[in-house]
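Heads up: the sequence lines are chains A and B, in that order. Position 117 (the first sequence) corresponds to 117 in this note's numbering; numbering is contiguous. Take the position in the second sequence, starting the count at 1, then add 10000; the result is the number in this note's numbering.
Just so you know, these hints were derived from the structure itself, not from any lab. Idealized CB from N, CA, C, for every residue including glycine. There may be inaccurate statements among the hints.
[Unchecked claim] Simulated pairs of lysine-lysine, DSS-like, Cα-Cα distance not exceeding 27 Å:
(1) A:Lys201 x A:Lys144
(2) A:Lys144 x B:Lys10668
(3) A:Lys283 x B:Lys10385
(4) A:Lys288 x B:Lys10668
(5) A:Lys254 x A:Lys283
(6) B:Lys10436 x A:Lys283
(7) A:Lys303 x B:Lys10388
(8) A:Lys95 x B:Lys10385
(9) B:Lys10002 x A:Lys288
(10) A:Lys205 x B:Lys10002
[As the list claims (entries may be wrong)] Partial list, derived from the structure: chain A residues whose beta carbon lies under 10 Å from chain B:
(11) Arg81
(12) Ile179
(13) Gln294
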Amino acid sequence: MVSVINTVDTSHEDMIHDAQMDYYGTRLATCSSDRSVKIFDVRNGGQILIADLRGHEGPVWQVAWAHPMYGNILASCSYDRKVIIWREENGTWEKSHEHAGHDSSVNSVCWAPHDYGLILACGSSDGAISLLTYTGEGQWEVKKINNAHTIGCNAVSWAPAVVPGSLIDHPSGQKPNYIKRFASGGCDNLIKLEEEDGQWKEEQKLEAHSDWVRDVAWAPSIGLPTSTIASCSQDGRVFIWTCDDASSNTWSPKLLHKFNDVVWHVSWSITANILAVSGGDNKVTLWKESVDGQWVCISDVNKGQGSVSASVTEGQQNEQ
Amino acid sequence: MKLKEVDRTAMQAWSPAQNHPIYLATGTSAQQLDATFSTNASLEIFELDLSDPSLDMKSCATFSSSHRYHKLIWGPYKMDSKGDVSGVLIAGGENGNIILYDPSKIIAGDKEVVIAQNDKHTGPVRALDVNIFQTNLVASGANESEIYIWDLNNFATPMTPGAKTQPPEDISCIAWNRQVQHILASASPSGRATVWDLRKNEPIIKVSDHSNRMHCSGLAWHPDVATQMVLASEDDRLPVIQMWDLRFASSPLRVLENHARGILAIAWSMADPELLLSCGKDAKILCSNPNTGEVLYELPTNTQWCFDIQWCPRNPAVLSAASFDGRISVYSIMGGSTDGLRQKQVDKLSSSFGNLDPFGTGQPLPPLQIPQQTAQHSIVLPLKKPPKWIRRPVGASFSFGGKLVTFENVRMPSHQGAEQQQQQHHVFISQVVTEKEFLSRSDQLQQAVQSQGFINYCQKKIDASQTEFEKNVWSFLKVNFEDDSRGKYLELLGYRKEDLGKKHIKEEKEESEFLPSSGGTFNISVSGDIDGLITQALLTGNFESAVDLCLHDNRMADAIILAIAGGQELLARTQKKYFAKSQSKITRLITAVVMKNWKEIVESCDLKNWREALAAVLTYAKPDEFSALCDLLGTRLENEGDSLLQTQACLCYICAGNVEKLVACWTKAQDGSHPLSLQDLIEKVVILRKAVQLTQAMDTSTVGVLLAAKMSQYANLLAAQGSIAAALAFLPDNTNQPNIMQLRDRLCRAQGEPVAGHESPKIPYEKQQLPKGRPGPVAGHHQMPRVQTQQYYPHVRIAPTVTTWSNKTPTALPSHPPAASPSDTQGENPPPPGFIMHGNVNPNAAGQLPTSPGHMHTQVPPYPQPQRPQNGWNDPPALNRVPKKKKMPENFMPPVPITSPIMNPLGDPQSQMLQQQPSAPVPLSSQSSFPQPHLPGGQPFHGVQQPLGQTGMPPSFSKPNIEGAPGAPIGNTFQHVQSLPTKKITKKPIPDEHLILKTTFEDLIQRCLSSATDPQTKRKLDDASKRLEFLYDKLREQTLSPTITSGLHNIARSIETRNYSEGLTMHTHIVSTSNFSETSAFMPVLKVVLTQANKLGV
């Protein structure tokens, strides 16, 4: 079942482009073409406007919450070519930093796993991806990957910090060597995996889409020795990319579905077993991998409501 | 920003939107001659490869043509969605010809690339357009008002849209409507535009501003609004774009006057109706919003005019422009910097040279700096307004707790002017539940735990089991909550005590019959043969020699009988010798049984016989070694390659109560990632933990790494289904594994309630004002506040008294005030001495049992324990402190050592199981620990007999305990005192007339004990003392037949007269005349006591 538990009237004056809950699922950040970013307290079905953040001079495309260990921090990116990092200090939200290092619309922001520190990846229509690293005392260090995606990067998504399989292999908590990695998708129809090895470099190029890659989402790690990325595109296709970390570095795509319209956004559930796909015609669908490895649509969500078909969820698990 | 360029003076056509990759076809322009004045013509196809950062475009094919072109279009005719290169290139030539080319053949390099050709037109064909609804329909326009509609399926005979317009004029533009498929518009340099309705086959409207200055160079329909179109004029005196609405055809709706000189071409974006490209003789390329007239973007171009401009149908941000300087340029309107391109070249260079001192000058090269002014130039700002195609209208994102945040923007009907409509901008937060079965099963489990209906729960599971194995597992688990678990385990393994008992009864009877008949006279031979030697040895009391002689003569039975008379040591030696000699199949089993070497069985049995091995362990093993032995067997099974055996290991671990190993074994055998299979595991684990808690008084709050991982995985799954509270309940509590603590914190906050007292340590992470440099892994997890919530993992140690108490209650003395029992008076801390004794003796238990509060604290994470909020503490009914209602394995004693196989028959295994004897460990401390050692020490079976009395124990018994912090034993003690009478009442007193039996027997045991010297004897006596409880119970119940009771009284009398042999005779008489099952529980012990008394002469 998908059932609405809270309907938040954002009072935005134009299109909403993103809505994200914080780490705990108690606060909602929204952003809009009306150039504002809003934060609501949505605990217990309520909706209290905590902040109405003004500072962007164009439509705001995305918002991203930093991990709470760094405090209450929200990043937003806009068509005005800027990234703004907002911070709550003593109950008040204020602009903490403004990054104006892009020459075109900044389309996507994504915080790195908290294990790496406070690092923000920003993808822009100028084709570049910039990485902002907080170095203390209000200072941010900027690294830029130029020409990551010709005529535009549309999405960035970090790999989880947990080396897949480490849950099983290193129960002692011995920290494996993390390699910072993220995926990006762009107008060159490509998904690229960038990796920091001294400096950032392109590690993989994933080709399957025949049109702009609209979004990429690296699945949260659930302790299995595979990495998974979902990608969606203007071409209506959604692919699930998997890579067996142990054996190879080869990513293989599996077509989840071909929609008739552009697919804008993909989002993994925290347990990485359900993928929410939002596409043109305002269609939101939920997908789940069946026991035999096929991706099956389990729900059509309309205005936050939907039923869940049980066919996939009930695998025969009773054999010993 | 310029992406690509090609040096050609040519007409251009992008491949259709369906086509991937994107191609650009160019055909030599008929109107412009290039610098060479060459009259050669060609048709070329280039690929747009954006992953190549260079400005070059990759040429895919060149076809030398005999024609030059006025117009080139690429239609998606007969193109399927996955076709690589397809569709049809339609070219308008100089001499009234229309030529159809097959682009795939051009790319393939074929010679025959022309599909069809028709030269019906007179004069150059300047206008061509493909109907977007029926891609087989192409409209063309030429001189003399000629307009033809071509059906590519029937190319030979074109149609006309109606009668030719008069006066005849050139057709410079033609365009199909974007919304209504039978509407076509044409325009001519005269400035007139005509709209045709193909269904009526006539022009329906003529559009003209009557200025005579509109020299139409461009015509385009509105992508969304059927009645709107734009006309562009190349007249320098009127360099405008007019927007017309056919509903108000008297004058233009809007006039865009952004160009200074005549406009040569326009293109309306199909992806965003607010973007109209125009290029003119002022050498500008502008992008304007035709709905407002605003210029959104001016492309940075050189000073050359462009005569053709096209949006790329597939990539909405890309356009191409053909200029008179012989170049086709591909641009992006998204702005951006060309620095990247340059930088790439620089990078290439420096990587070729290497950054460090390529020339060996001793100085590394300085970093290359791009001159500042180029950088300035290279930045191109994007469109003033964001194009529609990057405005995400919809989104759905998951967040913690299985919540889905969605928003959608209802598509605005774009009326003219497209003003903002009053729209509700709502965001929906929804709960996603996908695992209903998982949740309901989790719910059932929680209910079972809360209501403690474990047996019911297990039974339901057994009934619902679909496999034998599953059934077995649940049966094993269920047994944990039942009385006599070991016995029931045995039953489950296929060893029914009753059956065995019956067999034994038979044997016993035979022997009994045989015994009395052995009483005739006999000769004592002292001859020289072996019999004689033995006789001599016996007569001299030299048992050792006698035994040796018997052994020598292979008279095993005689040897052992004699050895029994000769004392323990001799017996032991004799047994050893016997085993050394004996070779029968079951010798090893017998050896193990007699030598109590269960390890031997478990370690070396054939794994096919694991059931038997487990049965043996269940029957004989002492509590301190029981778990270890089960474990050992489990481990062996697990390591065996046979997967069937591997799963059986689970059963051993269940017997052992080894949760961690069960998890490991189960995980190995199962794919645990599926919620239901995880549920399968968790159900078993939770139940087993409860069982272990109940039976072994073990502190189950310590959670192994693997279990913790599984439990937090489980909690994560529950949380993902929105069951935050349940997730919190299952999450292991006293672990300081960072991920679990983080999850707990996250769950608490996700519940929406501010966490009590969360003010100071706000988050389980050190608030980081990030240190410079590499921030390491999260520090400070240990500061996490311990959040108090429902949970099944007690932080609090199980109060030892609760468990031991019911065990130690001197049931034989109902009037005995409970306060007299040390264990009762002292409450939880310290545990009663008896408890300590067991704990010390049992190395396993010592590690697990809380022996002191100090020990307990070592388990608790090192942060200060916050004061619990008075009311915030609402545990479920404390499972951890439930009074024991069943026997305690740690008090379990193995059967009497079989020292006299004949006289002390095996008897009913059940009785053996039940009989609690103080065995080996006891003598170490029992005498000092128990001031009244004659009191029946452990009597767990009273609980067995009245299990209901215990379960029926008022909730007050357990509930207040929940709240008692470990440091507050008073509450518990109080409870014990209160509940004590309830318990006592259930025991009947021994009838007065029989009380003498008890006092006599106990007195005798005491006397024996005080004069016995070797520990083994003492142990036997202690054991006997306990076992006699069965007799007393039977006396209480008055279930013994009069013959037996009178016989017992006779024995008692003979004891009083210290005539033990007479007692023994009476004993034999009773045994031989009574029902075996009636007496088997105590008669053998009584015999032991009498024999000992006789031997000791007390």
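Now the hints, each set against the structure:
no.	hint	in the structure
1	A:Lys201 x A:Lys144	holds (11 Å)
2	A:Lys144 x B:Lys10668	violated (45 Å)
3	A:Lys283 x B:Lys10385	holds (26 Å)
4	A:Lys288 x B:Lys10668	holds (25 Å)
5	A:Lys254 x A:Lys283	holds (21 Å)
6	B:Lys10436 x A:Lys283	holds (24 Å)
7	A:Lys303 x B:Lys10388	holds (22 Å)
8	A:Lys95 x B:Lys10385	holds (24 Å)
9	B:Lys10002 x A:Lys288	violated (43 Å)
10	A:Lys205 x B:Lys10002	holds (24 Å)
11	Arg81	holds (8 Å)
12	Ile179	violated (13 Å)
13	Gln294	violated (15 Å)
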